[in-house]
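Asker: Here is what each chain is made of, one letter per residue.
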Amino acid sequence: MHTKSVAQLIKGLRDRQFSSVEVTGAYLERIALLDREYNSFITVDAAAALAAAAVADNRLGAGDSAALTGIPIAHKDIFCTDGMRTSCGSRMLDNFVPPYDATIVQRFRTTGAVLLGKTNMDEFAMGSSTESSYYGPTRNPWNTALVPGGSSGGSAAAVAGLLAPAATGTDTGGSIRQPASFCGITGLKPTYGRVSRLGMVAFASSLDQAGPMAHSAEDCALLLNVMAGHDPLDSTSSPTATTDYCTTLDASLAGLRIGLPIEYFGEGLDATTGTCIHSALRELEAQGAELVEVSLPHSALTIPTYYIIAPAEASTNLSRFDGVRYGYRCANPVDLHDLYTRTRQEGFGDEVKRRILVGTYALSAGYYDAYYKKAQQIRRLIKQEFMDCFQQVDIIAGPTTPGPAFALGAKSNDPVAMYLEDVYTLAVNLAGLPGMSVPAGFVDDKPVGLQLIGRHFDEARLLNVAHRFQQATDWHLRTPGSASGGRR
Amino acid sequence: MRWEPVIGLEVHLQLATQSKIFSGSATAFGAEPNTQASAVDLAMPGMLPVLNERAVCFAIRFGLGIGAQIGKRSVFDRKNYFYPDLPKGYQISQFEAPIVGKGNFEILLDDGSSRSIRITRAHLEEDAGKSLHEDFHGQTGIDLNRAGTPLLEIVSEPDIRSAAEAVAYLKALHSLVTYLGISDGNMAEGSMRCDVNISLRPAGSAALGTRAEIKNVNSFRFVEKAILHEIERQSEILEGGGEVAQETRLYDAERDETRPMRSKEVANDYRYFPEPDLLPVVIDDTYIETVRSSLPELPADKRRRFLEQYGLSTYDANVLSGSRTLADYFEAVAVDCGDAKIAANWVQVELLGQLNRDARTIENCPVAAAELGGLIRRILDNSISGKIAKQVFDAMWRGEGSADTIIEARALRQVSDSSALEAIVDEVIRANAAQVRQYLDADEPKRKKLVGFFVGQVMKLSKGQANPQMVNELLAKKLV
Chain A
1 MHTKSVAQLI
11 KGLRDRQFSS
21 VEVTGAYLER
31 IALLDREYNS
41 FITVDAAAAL
51 AAAAVADNRL
61 GAGDSAALTG
71 IPIAHKDIFC
81 TDGMRTSCGS
91 RMLDNFVPPY
101 DATIVQRFRT
111 TGAVLLGKTN
121 MDEFAMGSST
131 ESSYYGPTRN
141 PWNTALVPGG
151 SSGGSAAAVA
161 GLLAPAATGT
171 DTGGSIRQPA
181 SFCGITGLKP
191 TYGRVSRLGM
201 VAFASSLDQA
211 GPMAHSAEDC
221 ALLLNVMAGH
231 DPLDSTSSPT
241 ATTDYCTTLD
251 ASLAGLRIGL
261 PIEYFGEGLD
271 ATTGTCIHSA
281 LRELEAQGAE
291 LVEVSLPHSA
301 LTIPTYYIIA
311 PAEASTNLSR
321 FDGVRYGYRC
331 ANPVDLHDLY
341 TRTRQEGFGD
351 EVKRRILVGT
361 YALSAGYYDA
371 YYKKAQQIRR
381 LIKQEFMDCF
391 QQVDIIAGPT
401 TPGPAFALGA
411 KSNDPVAMYL
421 EDVYTLAVNL
431 AGLPGMSVPA
441 GFVDDKPVGL
451 QLIGRHFDEA
461 RLLNVAHRFQ
471 QATDWHLRTP
481 GSASGGRR
Chain B
1001 MRWEPVIGLE
1011 VHLQLATQSK
1021 IFSGSATAFG
1031 AEPNTQASAV
1041 DLAMPGMLPV
1051 LNERAVCFAI
1061 RFGLGIGAQI
1071 GKRSVFDRKN
1081 YFYPDLPKGY
1091 QISQFEAPIV
1101 GKGNFEILLD
1111 DGSSRSIRIT
1121 RAHLEEDAGK
1131 SLHEDFHGQT
1141 GIDLNRAGTP
1151 LLEIVSEPDI
1161 RSAAEAVAYL
1171 KALHSLVTYL
1181 GISDGNMAEG
1191 SMRCDVNISL
1201 RPAGSAALGT
1211 RAEIKNVNSF
1221 RFVEKAILHE
1231 IERQSEILEG
1241 GGEVAQETRL
1251 YDAERDETRP
1261 MRSKEVANDY
1271 RYFPEPDLLP
1281 VVIDDTYIET
1291 VRSSLPELPA
1301 DKRRRFLEQY
1311 GLSTYDANVL
1321 SGSRTLADYF
1331 EAVAVDCGDA
1341 KIAANWVQVE
1351 LLGQLNRDAR
1361 TIENCPVAAA
1371 ELGGLIRRIL
1381 DNSISGKIAK
1391 QVFDAMWRGE
1401 GSADTIIEAR
1411 ALRQVSDSSA
1421 LEAIVDEVIR
1431 ANAAQVRQYL
1441 DADEPKRKKL
1451 VGFFVGQVMK
1461 LSKGQANPQM
1471 VNELLAKKLV
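Those protein sequences? They're chains A and B, same order as listed.
Numbering-wise (our numbering), the first sequence opens with residue 1 and increments by one.
Numbering-wise (our numbering), the second sequence opens with residue 1001 and increments by one.
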């Protein structure tokens, strides 16, 4: 049961081969069995999940089902869930039970999906390894000595470890794509504004975007169909019409122009990873796509630009965690200053504090022009560069990360080395573009991801390319447990 | 040395929208604490602001009302600081690109003259909540009902030269925004709050002195007192050869003084930057024209029209155009009775006087304009004298009915029946033979004085109901 794709589960539920209670129960069993080791979930409410599954079964029985009725889904613990703790991986929100659902959580509820639980993440989504979580690190199901990537590492590990058929994640600088790559699954970061941010705890408002994480492009399309769409309560959500992302999956790749930025294949890219990516590209070429060398000369500036803008926004987004209205409050504050200082000292972890400090500095009087304003100017150049590039090509492809998953603890004391993990993913967020990571091979039994980048609101094209690739390859069907994975 | 004050005002105007600027919560005043605070107002995790279009419309109305440039692309910014009644840890405001640019408007001084004051800018922002320090036994209570209430911060150029001008500016602003219907202008409920920037310079000098900013001045009277106090304080420093410190001071109404705010309260680097949760507000010309076409007649235009159309005095026109309700009331009375000057006089003297005595406003005046018009019509058709009319007005004020009802009920109609009046006049002449002799012996100027005695006697006998003009005519005929 747990080896089925979302598409297969939908069919099985409709055909009454099994019930949602059975499917949900099977995943809950695996969570109980395996998650002690993976630590991919922060909160699981088995009773609530089974109750929701029973309701879904009634709907299925009554012929009243919607797209994902009865499908268990795990949500990253950054999405507010009515009545269920939403911690954001932080001590600060360890006691926080929202009285409301995030828009996307609501959309999954409406379609009848079953909330399996809330997945682990880097604290406030700040990190690339899921090691900064207050609830301890998540381990990579392919090799538990390795990190799963981050910040959506819990969602990636839950899907890779077959503890959930699919999950949601968020991506501010690569937080869906990098863990998808490290865990050998498929992840999509939609165009900025495609999916509502309401009820998603903000990290960097102008970069944050929620997206699906699953085994295949087809499953991602099924989830995106539920997630995408305008939300009048999120002013930055786009009114651009959505399409049924499943209908274009099979389109031919003949004549598709794929841009390969020379900057994404140069120094810093692990050689074996590069080999995997090149052979994946040859597969696309074999299907009729044309590979075109392109250049994104400002790529070198993406890390410094991102690490000004994201911390700047984060520094003020996180001001609301002050111990006054909800969340963690220090014991026995003597006065207001003490309340603020100790609450934030004790409630936030090191990486969060580091980014608040960097962001506060970048916005300070006298530094604003040199840092924040300059970074915004470069951000515009980066976006323009992509726009120019998309005049010549339909999508851009390259590696998701410079190399495969690294060992737990290997970079946790070296913030800059950790930041370099995102060198190929950050620009996509800065430019607001959709990006995907698709399993494309292995390096020493560690998964490698192919990154696909599309034009604004061209998610359908990315899913199409990824799906065609997955029709011809089986990387996405491999699961942890044997050398280079056994086929599902 | 004579010192000239240089004053600029920043007014925080509460806009009269039904809901808050970034959430759907109600803005009504006086609700139980925290009953008008939603998840957005409480800055719960993941909550996002959605701009209230009505607040934008109101800001544009103001901009057009002062002839200002409307920002075609205005941007919201975050102003960051920590305070318990500021739930997000930042206030959403506008910094570099405000919605209203430079403009100006006319203020009226007590001597009847007017001056033009330039407006630097006006921008939209959200209000903070309230910190309540009493009743919590050494702790502080937070009421977030007000958090997110839309404010328009209106910044003037330092064009104001005295406390009286500052008050005139605020009155003119109050009049303008209530005309525009964008604020209730209720000072007691904090709908207009004022910060004063003030410096002194030697009279005739063009250079600017060092300014102090006085916060927390929330009534016309306090603005006047705070400025007078500050002028005195600064001139004493300057006379003594000292230097005024550039600082923020707080006006303490109870002690009638300003004092420096603690440095902790002002030493903020607000780290302004564009609010990423909101898109820039883009306003096109069509929208601006739609708003423009919905503007009412503004105070200055109405004043001019009152002067020209009704021939009112400058003073009357100023007072009567001061509030839209008062102006409408006056015009209704004038139209009803057909005599604008008498209407102006009655509204100004009797009506405003009575309202003042009862501490009421024109908005809840017990006598409707048509009723007052009806009373004036009885003066004009000689049914009653002006003096009797005042009695009738008092009765109307007490709710005893229309002018006609009261006149009939109390038999106050003026006696204009010449035979009845003749009888009274004859009786007065009969009863005052000595005075009649004195009158007849007197020369013309003296007679004019003495005739008043006879008129008085006739009025007394007729209980004030004799038509004074007819009495004069009869006396002139009989005292020969």
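Treat the hints loosely; a few may be bogus.
[What the hints assert, rightly or not] Cross-link-like lysine-lysine pairs, in silico, DSBU-like; alpha carbons within 35 Å at most:
hint: 1; chain 1: B; residue 1: Lys1449; chain 2: B; residue 2: Lys1390
hint: 2; chain 1: A; residue 1: Lys373; chain 2: B; residue 2: Lys1072
hint: 3; chain 1: A; residue 1: Lys374; chain 2: B; residue 2: Lys1072
hint: 4; chain 1: B; residue 1: Lys1215; chain 2: A; residue 2: Lys373
hint: 5; chain 1: B; residue 1: Lys1460; chain 2: A; residue 2: Lys383
hint: 6; chain 1: A; residue 1: Lys383; chain 2: B; residue 2: Lys1171
hint: 7; chain 1: B; residue 1: Lys1460; chain 2: A; residue 2: Lys373
hint: 8; chain 1: B; residue 1: Lys1341; chain 2: B; residue 2: Lys1215
hint: 9; chain 1: B; residue 1: Lys1171; chain 2: B; residue 2: Lys1130
hint: 10; chain 1: B; residue 1: Lys1449; chain 2: B; residue 2: Lys1463
hint: 11; chain 1: A; residue 1: Lys353; chain 2: B; residue 2: Lys1079
hint: 12; chain 1: B; residue 1: Lys1130; chain 2: A; residue 2: Lys353
hint: 13; chain 1: A; residue 1: Lys373; chain 2: B; residue 2: Lys1079
hint: 14; chain 1: B; residue 1: Lys1171; chain 2: A; residue 2: Lys374
hint: 15; chain 1: B; residue 1: Lys1463; chain 2: B; residue 2: Lys1390
hint: 16; chain 1: B; residue 1: Lys1448; chain 2: A; residue 2: Lys374
hint: 17; chain 1: B; residue 1: Lys1102; chain 2: A; residue 2: Lys373
[Unchecked claim] Beyond 12 Å from chain B on every Cβ pair, some chain A residues (computed):
hint: 18; residue: Met92
hint: 19; residue: Pro98
hint: 20; residue: Asp208
hint: 21; residue: Leu233
hint: 22; residue: Asp234
hint: 23; residue: Glu267
hint: 24; residue: Ser279
hint: 25; residue: Glu313
hint: 26; residue: Leu339
hint: 27; residue: Tyr340
hint: 28; residue: Lys373
hint: 29; residue: Val416
hint: 30; residue: Arg455
These aren't lab readings, by the way, just hints derived from the structure by calculation.
If you're wondering where the values come from, they're calculated on a predicted model, not measured in any experiment.
We put the CB at the ideal spot given by N, CA and C, even for glycine.
Asker: Take the hints in turn and mark each one as holding or not.
Answerer: Hints and how they fare:
1. B:Lys1449 to B:Lys1390: holds (26 Å)
2. A:Lys373 to B:Lys1072: holds (22 Å)
3. A:Lys374 to B:Lys1072: holds (24 Å)
4. B:Lys1215 to A:Lys373: The given pair, whose Cα atoms are some 32 Å apart, holds under the 35 Å limit.
5. B:Lys1460 to A:Lys383: violated (95 Å)
6. A:Lys383 to B:Lys1171: Answer violated: Lys383 (chain A) to Lys1171 (chain B) is near 50 Å, above 35 Å.
7. B:Lys1460 to A:Lys373: violated (87 Å)
8. B:Lys1341 to B:Lys1215: Between Lys1341 (chain B) and Lys1215 (chain B) the Cα gap is close to 43 Å, so the pair fails against 35 Å, i.e. violated.
9. B:Lys1171 to B:Lys1130: Given pair Lys1171 (chain B), Lys1130 (chain B) holds - Cα atoms ~26 Å apart, limit 35 Å.
10. B:Lys1449 to B:Lys1463: holds (22 Å)
11. A:Lys353 to B:Lys1079: holds (20 Å)
12. B:Lys1130 to A:Lys353: holds (29 Å)
13. A:Lys373 to B:Lys1079: holds (16 Å)
14. B:Lys1171 to A:Lys374: Not OK: Lys1171 (chain B) and Lys374 (chain A) at ~45 Å, beyond 35 Å, violated.
15. B:Lys1463 to B:Lys1390: Distance of about 15 Å is within 35 Å: holds.
16. B:Lys1448 to A:Lys374: violated (90 Å)
17. B:Lys1102 to A:Lys373: holds (26 Å)
18. Met92: violated (10 Å)
19. Pro98: violated (7 Å)
20. Asp208: Label violated. Min Cβ-Cβ 9 Å, cutoff 12 Å.
21. Leu233: violated (6 Å)
22. Asp234: violated (5 Å)
23. Glu267: holds (33 Å)
24. Ser279: holds (40 Å)
25. Glu313: violated (6 Å)
26. Leu339: Violated, because the least Cβ-Cβ distance between Leu339 (chain A) and chain B comes to about 9 Å, which does not exceed 12 Å.
27. Tyr340: violated (6 Å)
28. Lys373: violated (9 Å)
29. Val416: holds (24 Å)
30. Arg455: Fine: 21 Å to the nearest Cβ keeps Arg455 (chain A) off the interface.
Figure legend: structure checked against the earlier numbered hints; hints not met, in rising order: 5, 6, 7, 8, 14, 16, 18, 19, 20, 21, 22, 25, 26, 27 and 28.
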